[in-house]
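Each chain, written out:
4 protein chains.
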Amino acid sequence: MTKVRTPFILVNFKTYSEATGRNAVRLAEIAERISLETEVCIGLAPQFVDIVSISSTVSIPVFAQHIDPIAAGSFTGHILPEAVREAGAIGTLINHSERRLKLVDIDTTVRRARESGLLSVVCANNAIVGSAAAALNPNMIAVEPPELIGTGIPVSKAKPEVVSGTVDQVKRINPDVVILCGAGITRGEDVAAALRLGTEGILVASGIVKAKEPYEVLMEFAESVT
Amino acid sequence: MTKVRTPFILVNFKTYSEATGRNAVRLAEIAERISLETEVCIGLAPQFVDIVSISSTVSIPVFAQHIDPIAAGSFTGHILPEAVREAGAIGTLINHSERRLKLVDIDTTVRRARESGLLSVVCANNAIVGSAAAALNPNMIAVEPPELIGTGIPVSKAKPEVVSGTVDQVKRINPDVVILCGAGITRGEDVAAALRLGTEGILVASGIVKAKEPYEVLMEFAESVT
Amino acid sequence: MTKVRTPFILVNFKTYSEATGRNAVRLAEIAERISLETEVCIGLAPQFVDIVSISSTVSIPVFAQHIDPIAAGSFTGHILPEAVREAGAIGTLINHSERRLKLVDIDTTVRRARESGLLSVVCANNAIVGSAAAALNPNMIAVEPPELIGTGIPVSKAKPEVVSGTVDQVKRINPDVVILCGAGITRGEDVAAALRLGTEGILVASGIVKAKEPYEVLMEFAESVT
Amino acid sequence: MTKVRTPFILVNFKTYSEATGRNAVRLAEIAERISLETEVCIGLAPQFVDIVSISSTVSIPVFAQHIDPIAAGSFTGHILPEAVREAGAIGTLINHSERRLKLVDIDTTVRRARESGLLSVVCANNAIVGSAAAALNPNMIAVEPPELIGTGIPVSKAKPEVVSGTVDQVKRINPDVVILCGAGITRGEDVAAALRLGTEGILVASGIVKAKEPYEVLMEFAESVT
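Residue numbers (our numbering), protein chains in the order written: chain A, 1 to 226; chain B, 1001 to 1226; chain C, 2001 to 2226; chain D, 3001 to 3226.
Hints are computed from structural coordinates only; laboratory data are not their basis. It is possible that part of the hints are untrue.
[As the list claims (entries may be wrong)] To give an idea of the chain B side of the interface with chain C (calculated C-beta under 7 Å), a few residues:
(1) D1068
(2) I1070
(3) L1103
(4) V1104
(5) I1106
(6) N1125
(7) A1127
(8) V1129
(9) S1131
(10) A1132
(11) L1195
[Unchecked claim] With a straight-line cut-off of 27 Å between C-alpha atoms, the simulated DSS-like cross-links for lysine-lysine are:
(12) K3210(D) with K171(A)
(13) K171(A) with K3171(D)
(14) K3157(D) with K3210(D)
(15) K2171(C) with K102(A)
(16) K1102(B) with K2171(C)
(17) K1102(B) with K2212(C)
(18) K3212(D) with K3157(D)
(19) K3171(D) with K102(A)
(20) K102(A) with K1102(B)
(21) K171(A) with K157(A)
(22) K1102(B) with K3102(D)
(23) K2102(C) with K3157(D)
(24) K2157(C) with K2171(C)
(25) K3(A) with K171(A)
(26) K102(A) with K3212(D)
(27) K1171(B) with K1157(B)
The beta-carbon is built from N, C-alpha and C at its ideal position, and this holds for glycine as well.
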């Protein structure tokens, strides 16, 4: 996992208009500036169509939001891992709460990510699903209680037991997996709380993308982990 | 539908390695050259990640292979119509046999395409499904019997009654819809046969992308419709 | 369609506990009594596991809530049309808003229903989807705006234009289809309003199943159509 | 898990016509007879519509082929765990290769099975998926390489390492889970081989249902484990 360092902040652009097309590139440039200034590793997960523009503009790690469990061939409308890699991504989210996958497909997708040179971040909604995901040997697991996503109620404060429970259960099954947490994170202290619970980074979306001043908020996040 | 002219040849790049990344751009340049030389309208449907590179390289119409029935928001891993449009596409396939959609989602997706300035090409497997799709008011319908896709057995010869039946039934429900056909088309005479059956163009994938000499084959297609 | 007469009242039992197992049989007996007393045709759509008990207890028509587009074979966990028929059902809902299907699967499912001797009732959320469904030649179409389902706000009063628009558009494409409407229907006058808008019956669920006095409410429905 | 004893033979009726309706009841009676004669625990997984008929006819354990991760409510066309339980089933398959589920839904479904008094048998295609499933705490795991299902090539002979690997990996994560294996089992010696590899039973479908003499074959299976 030489392409990212922990503590790791991964910003999911979702399909927000504030993070589409030119807006996506602008947000990526802000993130790159903060990463260079603070030396904190910040990754970006833009929409598929924006991966090329962003990865050719900034030097920080770019992730896909999803890949399909397929090889090259007849899969119209699907996301080929190798295409995402050639476009400049170095990793991918898998099984995000807005794009849940079948168990057998997560297994295949984690393998396909590995084969095509992509880091895998499997999302989980609770500690048990996180520990099941750990058995599939992804590089990272991101635990996000879906009921907190987008609420501004930080998982690291509202459900610390979900975070620390996930850390415990995942590490028992697979001590090599890096654990992120997400949902409701909008302030630097939420990020710091997440790390104190044993995670090695966070997954954030609206907290940055929808912020009035993304630069200020992301800088606060980065400073809280240094 | 000022962005494409009939007869229309639409080349689906699927997730073929011959049509991914740099290969996709190279194939797009070949298609553009033929379109300029023959004045036949040729469209391209590359993978999502390649839309930006291709639409900024060539001047012929670019289509997405799929869009999701969503608006901007929290839809990680999905395809936002406006993002596809901003990336340079002017249309999209919908309901391809390798990416079938729910009926209610086709309805929403056709609307979302219209709202975001994308032409819609709804795929259908037979005349009845084609006529149901016609009721949803897309710009085009592409009828493709799935059992012939990728076989080299041309639908326009093996199942002419499916093609002409689709033309009849679709036109009765919605005379404004442009009808394409596809599956198994590998030679110029297959294209000409399709037009004689009442279609206004074709949807082709492996016949071009997997051809030893894509330039020769696509040129044969273009010449057969002039 | 000799197995049901119009005006037709179809009661969807969903997976309500008030309409599961013994409760389902009890509710079926109430419906049968009202149908015998009023001579109004009342159908029941219980859960799959309850079809045998209900169809062997009452003489009124029993529908499945869904069937799969399959033939006998290796389809663990799926609903075989012939099995539903042998269990005593004479029809089936297809594409209910809580069980939406792909367009190509609705086409196949309507055919499979016909082949196995089941009447097909395809659900639609609006007039356009209803007219697309009409092209597939089902026996009935039930239009239900999903945003009104379970609200007690009757579609026949809140959105009369959706109902009458569906009637117009469906009849233009396929004059033989019987049109039902549903969503929010809790009183006899809602049923009467639906018929005045050109439908030939209604699809109802919580309005009957969750009623304090199902006998009273269903009797009011039946009397309103005689 | 007092309702089944190991070694356990679970017969999946799928949607075979030989195991639908009256045929299903007849096959269930054969299985019951063999179970009584040999004292081997034999379970049956018929189609949903046949659960009531079978569980009211025979005294051996009946399983559903699938349940949905839902509670009572508005879920037209879905399988309510409590309805399956009231119909007489005492367990359920989950995530069969012909009915794969999302990871988060398997988690919820296993819980819902437990809450409604159903034993859970989660199917897996390989040892890694089996170990992920083990983290979800089902009662049993059935490993079935999909490429062998229905072939007559027994997993216990063709892929013994998949079976023994699954046993090892599952037991490391969750020693309480009972492990079954399946795919291609048609003879008593295949069953015996499965037990020697560390499983405590088998999941079988066509090997029994499609046999010319189901009584003979199932008797051979039962005798091989006594």
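Going down the list of hints, with the structure as the test:
1. D1068: violated, 15 Å
2. I1070: It is violated, given that the least Cβ distance between I1070(B) and chain C is near 15 Å, above 7 Å.
3. L1103: holds, 4 Å
4. V1104: V1104(B) check passes; min Cβ-Cβ to chain C is 6 Å, inside 7 Å.
5. I1106: Cβ of I1106(B) sits 6 Å from chain C, so the hint holds.
6. N1125: Cβ of N1125(B) sits 6 Å from chain C, so the hint holds.
7. A1127: violated, 10 Å
8. V1129: Check passed: Cβ of V1129(B) comes within 5 Å of chain C, closer than 7 Å.
9. S1131: holds, 4 Å
10. A1132: Status holds, d = 4 Å.
11. L1195: violated, 25 Å
12. K3210(D) with K171(A): Answer violated: K3210(D) to K171(A) is near 46 Å, above 27 Å.
13. K171(A) with K3171(D): holds, 17 Å
14. K3157(D) with K3210(D): Judged against 27 Å, a Cα distance of about 21 Å means the pair holds.
15. K2171(C) with K102(A): violated, 41 Å
16. K1102(B) with K2171(C): Given pair K1102(B), K2171(C) holds - Cα atoms ~23 Å apart, limit 27 Å.
17. K1102(B) with K2212(C): Distance ~36 Å between K1102(B) and K2212(C) Cα, so the pair is violated.
18. K3212(D) with K3157(D): The given pair, whose Cα atoms are some 23 Å apart, holds under the 27 Å limit.
19. K3171(D) with K102(A): The hint holds at about 23 Å.
20. K102(A) with K1102(B): holds, 19 Å
21. K171(A) with K157(A): holds, 21 Å
22. K1102(B) with K3102(D): holds, 18 Å
23. K2102(C) with K3157(D): Violated, at roughly 40 Å.
24. K2157(C) with K2171(C): holds, 21 Å
25. K3(A) with K171(A): Since the Cα atoms of K3(A) and K171(A) sit roughly 22 Å apart, the hinted pair holds (cutoff 27 Å).
26. K102(A) with K3212(D): With Cα atoms ~36 Å apart, K102(A) and K3212(D) exceed 27 Å; violated.
27. K1171(B) with K1157(B): Status holds; Cα separation ~21 Å.
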